[in-house]
Amino acid sequence: MNSPGPYIPNASTTLDAALEEIGLPKSQLGSQSALFELGPGITYLLDGNNLQIRYISEKAEPKLPSLVSEALRKVARITDLIHPEDKEAYIEKEHGAGREFIFEYRIRPNEKLNWIPIQDFRVAIADEQGTVIAYIGRLTLDETRQRSIDTLCHHTWGEVSKSSVRRYIHDFNNTIAGIYSLSELYAQEGASSDSMLEGMGHIRDNSLRAQKITQRIREVTMINLSGKVYCDLEKIIEEQKDLILTLLPKGTELELDLQAPAVQVHVDPNAFIQCLMHIIANCADAAPKIPVVRFQTYIVKSPNPHIRIEVFDNGSGIKSQNLSKTTDALFTTKDPSKHSGMGLFMARSFAIGCAGSLEVESNGENQTTVSLQIPLANLQETLATNAEGENNNHKETQSKSVSKKEAFTVLIYSWEDVAQSPLLALMRENGWKYRIHIDPHQVMLDTRDLKDSLDGIIVCHSGLDENAIPLLEQLTTSECSEKTAVITMDGLPETLPHSIQKKFGYEASYEVKPSTQYKRLVKFFS
1 MNSPGPYIPN ASTTLDAALE EIGLPKSQLG SQSALFELGP GITYLLDGNN
51 LQIRYISEKA EPKLPSLVSE ALRKVARITD LIHPEDKEAY IEKEHGAGRE
101 FIFEYRIRPN EKLNWIPIQD FRVAIADEQG TVIAYIGRLT LDETRQRSID
151 TLCHHTWGEV SKSSVRRYIH DFNNTIAGIY SLSELYAQEG ASSDSMLEGM
201 GHIRDNSLRA QKITQRIREV TMINLSGKVY CDLEKIIEEQ KDLILTLLPK
251 GTELELDLQA PAVQVHVDPN AFIQCLMHII ANCADAAPKI PVVRFQTYIV
301 KSPNPHIRIE VFDNGSGIKS QNLSKTTDAL FTTKDPSKHS GMGLFMARSF
351 AIGCAGSLEV ESNGENQTTV SLQIPLANLQ ETLATNAEGE NNNHKETQSK
401 SVSKKEAFTV LIYSWEDVAQ SPLLALMREN GWKYRIHIDP HQVMLDTRDL
451 KDSLDGIIVC HSGLDENAIP LLEQLTTSEC SEKTAVITMD GLPETLPHSI
501 QKKFGYEASY EVKPSTQYKR LVKFFS
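Residue 1 is where the sequence shown starts when you use this note's numbering, and the numbers rise one by one after that.
I should point out that these hints are in silico values taken from the structure, not numbers from a laboratory. If you're wondering where the values come from, they're calculated on a predicted model, not measured in any experiment. Treat the hints with caution; some may be incorrect.
Only pairs whose alpha carbons sit at most 16 angstroms apart, straight line, appear in this in silico EDC-like list of lysine to aspartate or glutamate [stated by the list, open to error]:
#1 K212 x D171
#2 K519 x E429
#3 K483 x D455
My request is simple: use the sequences and hints to build the entire structure.
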């Protein structure tokens, strides 16, 4: 049989044509033909002589990115895409395997993607003399490895959050001890009214401090992925300064050089916070005696507008031979019993999930910079629901909307996570368009920029949120003419200032049944 040269399949190539080229009749495949054409994943055919790819199926498993099949069409052999650490074992098994065998390895379609765990099921096809003419197989996601990686990600985040909580609990205990000492000191018999008044003032201040610490502990322990919203990353970085310091050694010099103007990106803010914490945890592990960590942000307009966030530390640096591996899953140069090597992998996964990227640079001795690039949101685009591009199954539900008049366009402000709430689920199902903000400043910007298309504003008021009341007061005095609905997250509407209750025509508690709340909002905005 002649050994053909390199052959890259194209869209018109069929399995029959590929089999004919290597001299293997389809009839010789028997039942294997249907198995691989109709089975899950990506089907492929290899030449038995040189193991070059002869055929790649058009069909791809939904969970397996189409980029995998595209990448396979551009290479001669599967080994060209395999992770270097897996390649040797793959080649050894490939030459020593029997008629049916399974490979497990990682491939990366391009440099911007993480390594994808693959399970490769392959069957050898032989002629009448027993000589292997071809190999036919299929690629699917290695679900076992993927589940293991997901478990390690949860474990890694758990370790990071525990480090923060330990510092907060220490501060909380000190604060409570201070309150107790003050109460003992000023509650003695014979204490003057002036000293009692002073003491109560100190107790009040410490109580407020304890409340804020409790709030921070709650924030850390309840950071769960919720869904993408429009937010200002610089604002989030500033708000998380205390949390960042809990992960760094005491005495760390933290510098925030935030040069970007107030801009918006479309990300999950909790996922962004987790990304930051993983990067900071990496800085903490390498911290010297006098640690310095600096954040710098700026806007890059070309080729595509994005915000660049650089996190610099003066730690021990990363050796050149390890630099390209730092974002790989399970890679660590530290004690593997204490570090799973998932931190920068998770940070990079977040960036890629936002259509951005993450880069790591180091001089190998005393300096490392992690750069995060996130595309800017287009504020002129039509307000998108969370269903678009994220939950295609809502499209069918939207078509069943009770009435087109129920589909409103609103801005939503909420300090707490409401992206996955039942109320917003009803809005999505009925075709509402909305944009969620956690920054009051961005709400005011959008009321101006999107004024002609807005039906109203929903402000979710939480007792621990210091920005909701000022936002509502600003809405009462601005030129904003949109209807504003106020939903109290942790109390009754009566807890709002009278001036606000008088201004806005809709106030309700979040505890109201979602379906009832939804109907009231429809009536209010109609």
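Evaluated hints:
{"no.": "1", "hint": "K212 x D171", "result": "holds (11 angstroms)"}
{"no.": "2", "hint": "K519 x E429", "result": "holds (13 angstroms)"}
{"no.": "3", "hint": "K483 x D455", "result": "holds (7 angstroms)"}
Going down the numbered hints, you'll see the structure goes against none, and every one checks out.
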